[in-house]
Amino acid sequence: MENEIRPPRRYKRSKLPKLVRWIFGLIVLSYFFWRLYTVFIVQNEYTPDIWVRLLISGLVIGGVYSLIAIGYTLVYGILRMINFAHGEVMMIGTFAGYFVFEATNAIRFTSSTGEITSLSNAQPFLSILLAFIVGMTVAATFGFLLEKIAYRPLRKAPRLIPLISAIGASIFLQNLAQLLFSPLVRDYKNPDLIARGQGWAITVAGARLTIPYTGVLTFSLSIILMFALYTMVRKSKLGKSMRAVAADKSTAALMGIDVNGVISQTFIISGMLAGAAGVMWGLHNGLVYYYVGFMPGIKAFTSAVLGGIGNIPGAMLGGMLLGLIESIGPTALGISYQLKDVLAFVILIIILIFRPSGILGEVLSEEKV
Amino acid sequence: MKNFKGLIVVIVAVLLLSACAPAAVNTPAPAEVVPETDKVPAECAADRYGCAKIEPGQTIKIGMGSPMTGGDASFGIDAEQSGKIAVADAEPLHGFSFELVAEDDQGAAEGGAAVANKFVADQTLVGVAGHLFSGATAAAMPIYEAKGIPMLSPSATNPTLTQKGSAVFNRVPFTDAAQGKAAATFIYEELGFRKIAVMHDGEDYGKGLAEIVKVEFEALGGEVVEFVGITSKEADYTPVLTTIAAKSPELIYFGGYTQDAGVLANQMKTTGLENAVFFGCDGTFGTDFLNRAGANGEGSYHATPRTPPQTPEKTAFDEAYKAAYGVGPGELSPFTWNSYDCTTALIEKVGDVAVLGADGALYIPRGALVDAVRGLNNWTGISGTYTCAPVGDCNIQGPQFHIVKNGAFVPVN
Amino acid sequence: MNKNLVSPSLKRGLTFGIVMIIFVLIDLDVMVATMLSKLFGANVIRGSLPDVRFMVLFLILFGMFVGWSTSSDDAKPTTKLFQALVAGLTLGVVLGLFDLILNQLIVTGTDVRKYLAALAPESIRLFLFDQGAISPLLHLGLFTVASLLGSLMKILLKSESASRFFKGVKSGYQGLKAKAQANTPNWVKKYGKFLLFLLIGLLAFFLPRIWGSYNNYVVGLVGLYVILGIGLNIIVGLSGQLMLGFAAFFAMGAYSVALLNAPLPHGIMLGFWPSLLIGILMAVVAAVLLGLPVMGMRGDYLAIVTLGFGEIIRILLKSDLLTSFTGGPRGIQDIRGPTLFGQPFSSDIDYTYIILVVMVLSIIIYKRLERSRTGRAWLAVKEDTKVAQATGVNIMTNKLLALCLGAAFAGLAGGIFAARNQFTGPNDHQLMVSMNILSILIVGGVNSIPGIILGAFTLKGLPEILREIENYRLLVFGGLLVVMMISRPEGLWPATRPNIEKDEGNKLKEDGAPGEGGLND
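Which chain is which? The protein sequence lines are V, F and U, in order. Just so you know, we're using my numbering here: the first sequence kicks off at 1 and counts up by one. Just so you know, we're using my numbering here: the second sequence kicks off at 370 and counts up by one. Just so you know, we're using my numbering here: the third sequence kicks off at 783 and counts up by one.
Just to be clear, a hint being listed does not mean it is correct.
With a cut-off of at most 20 angstroms between alpha-carbon atoms, the simulated SDA-like pairs for lysine to any residue come out as follows [as the list claims (entries may be wrong)]:
#: 1; chain 1: V; residue 1: K18; chain 2: V; residue 2: I359
#: 2; chain 1: F; residue 1: K616; chain 2: V; residue 2: I359
#: 3; chain 1: U; residue 1: K1168; chain 2: V; residue 2: P356
#: 4; chain 1: V; residue 1: K156; chain 2: U; residue 2: A986
Please keep in mind that the hints were generated in silico from the structure rather than gathered at the bench.
Given these sequences and hints, build the entire structure.
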């Protein structure tokens, strides 16, 4: 760097953009602080239990975002491509889980007490487990096929080509699901044990509030899955190969790593996580239709970038953060809930202004980029 | 991989070829009316738009523009299926049968204009049961206006559509104004609530309705503690419901559709709104809501047109729909019955004005048809009784409200 | 006949069997049969089923295709036939088993449409040729024979005599071409291009008057997307910044024209042309506001930020917050069209003229830009940022300039779009619009004007033409995008790029990224 010939002075890189960026960031930040001050100090109309409730919904939805975001980040880390069809993989997982619950709900028999019950109510844990296994398997299969059919032939193509292929695959899968299952917005049949609208009542600051059972299930399961994935990537042989391939494909191949195999396995793993997220989404929110993966996909991609794309803890953090921003943000800033996506994207821009590679992303100097 | 490629190329080639091939068959000579022959009925010469001429062997086409792909596809597919039954039920007219041409307009202006331009190019297309969404309708309207094709929309509720002085546009859904006023009065006077929150799904229909409810309710002296929009089908509304709960409204009014209503009714139970009443609109009425909300939907209110809920004709239609498509009517969208009525009404009016020419062709005076559709008077379909106002609003009755009791709708007013 | 020969053929038969099953599940088989029957002149009314003969024909064609593709190119004729036989038999067995299930559904009268919406009993009967229990055998026989036929066809067409015949035809054609070229008089060579342009100009003038409003509409739509494609190409293709929220600029133009030129919500009625200028200006202002804070972000970060920007604009336009200003989810109606010399100039023909003229102007501007100093600076920035900087190119200014110019084109197209539809609303500016424009570039060929035109036709014209296939059009479209990326990643009509060294194309392909621009990091 020392010996580099400096460009002529009159072409010296302008400091203006950086300045403008900082000014922009500071303006938005001060606006945020002013709004926070207004809502918390001046108006102060919300009791603490409201914030606890918002925190809970944020964590639940954040867990789902995190799981999908990990899929984006894994694929990006290894192939440097945005897997735009990842949301559709989640949609397929949601459908698979839906069919499991339909099936277990259709199997009816007379229980020992003489009541007619369905399998899903008689064996709720079994049917939930089954739904997750099926959802994850089916989504993983589609993730695998997606890579094999739509991305593998493009391994050496310029960056934009796989992106367009992914967009095509996304449109294809959405419409395939629509044609197969009709555009009907279907309803998840939860076992009664975790019926929607039911939950544990707890008391916070003198106020009773309910934590939905589905929320507890979603949050704890997403934490477990994230922990498992993190351990896998850190400790297992596959995880090591994945990191090696991410670092340098050709060197990894020279070291005897089956690069194609590792890439396939990456897609399978991210598909499994997306499938689990899909079943959670269905259980918690209850809606399943062909378009269900689109918005969570975009949100999860945003989370991955927020945390630093290519970075697994970053994706987890980003997902949780986005969930919290979406749920607490509008109330805390006193703006309409319709604008929560605007808020999420503005915060993304702010974070990227101050940390150009995301929160946990590798900080690269602009020259190195 | 190569095989897939080839396969898709072959399929597309076949589709393209066939897409181009029938063009010659479908487009008759551009000269629509040939006045010099004596065979053309006198009605055509007198008509301001001229006549549509249906040659023997051709069908009388009724168009339908609706979103059939994208996030709102369920509305379009439902309307098409419903319209197909209407066409199947129609008696042939002088030996000419009817055909429904449903096109995908994606609910937006771009698609609406594309479909309308395609429809006006087809000389045998005489009326449009649509479009479904207001955006597409607004873009399509001037195109039909120029050609003299009457529209009868099952669901485009944007109030401004009928304020533009269009001769061709008519619709059968409630006006938002009528329903909103009735709902606000009902909540204030019959139910006696004074403190409500108003929500909508951020779309054309739901938002328009919610705005009117808010204005009317405040005019009556009630308090609207929160007026807030959600993003339709996003599925997690707990944060917004939590914030509303902090203002402890007695009732939540929601303008939107069943899918969101079901989710809201469920999520109200875990967000501190256990004791607030859910009040929907005609978009949230349907067995679909009962399935989605289950026990959480008990005690909620919904609206329907003021008709006998189940006439024999409606039962017959419901059975035919279920048999033909495997899903129940009203599950895909709340406009199933409206779509059937729109198509049937158009078909009936075509029958009223059509003239069989001496040359064996059927002549349909377009201007007379436009007037006939606007002149719809005390016409009873399966979704209600319609009389078109001079501006084209054909449903000016107030709504009937229902409460959910023991898993069924019970009329209350 | 070793195992290596059997297993790929088996696999292929199985794959195609699954593909066919999916066809049946989404009712695409009936759709193709309907198309075939239309091709043969039978008029099938919508909603009714085609004759069973056409279903048989479709299955035969499908089987023949399987046979054709299974026979490997370099194998002996007997091997080819054997491969086809194995694939055909597998296909037949797979579908035969599937038929048994379908037949069971028919016999027991089970309605599965609650889950598999397209599986109507009538369509199943049609697929089974209405033969009930013996249909599996019929299908088995049909596919085996058809597959063998396909293989036979390949053997015949690819045989040496056939290839010699084709070669002969080809060389004959080339000879004729050369001869014709040699015989062309000089004046044709000199003015040929000019004459061609004249001819195109005349066609562009007269065709819109003849071919009716629908074709005008489609051509106008394609034209607008060409303008959009050119705009995005300046940003993505020339200056190398990946932009996923281009629809935001489009919306700026559309809403400016709409708000300044419609009775509601403001009733300003400024007139089309001035408001179009303001629309362009607004798009540029938006580009500056977006560009200043995010300039210098790395490729994929820029992509998501621009995507977010597009969504922000759309959500704001739709939100309660701005409803009184933008009309909210209802959008803006009755946008007044342009006038020319005091006369209304807004029929479908007039709009086609406007769009074509603007399109040609855009192409000229683009061509001038590409060859200008700025254009070369953009390419330099895209190819190698560091070297460009060292040679004295101001990165920020150039990137921002590209963003603004691209946005100006989008604003222009948006303004015309809104006026032509007499309506604009938030649904016209969704994320898919941005994706479509980006796809136009990639499908057609980055930095290539003919490519962009071809891409715009493929992406906006083709779905209109494909209207015949109704609900399947987006499915086919999505599949086509993937296939096209795999088979022609450089686009339908790739750029020749005369001002850059020849080996550039190779570099693009092997390295995966065009240097160090915004497309990679």
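Verification of the hints:
| no. | hint | in the structure |
| --- | --- | --- |
| 1 | K18(V) <-> I359(V) | holds, 19 angstroms |
| 2 | K616(F) <-> I359(V) | violated, 36 angstroms |
| 3 | K1168(U) <-> P356(V) | holds, 19 angstroms |
| 4 | K156(V) <-> A986(U) | violated, 41 angstroms |
When held up to the earlier numbered hints, the structure conflicts with 2, 4 and fits the remainder.
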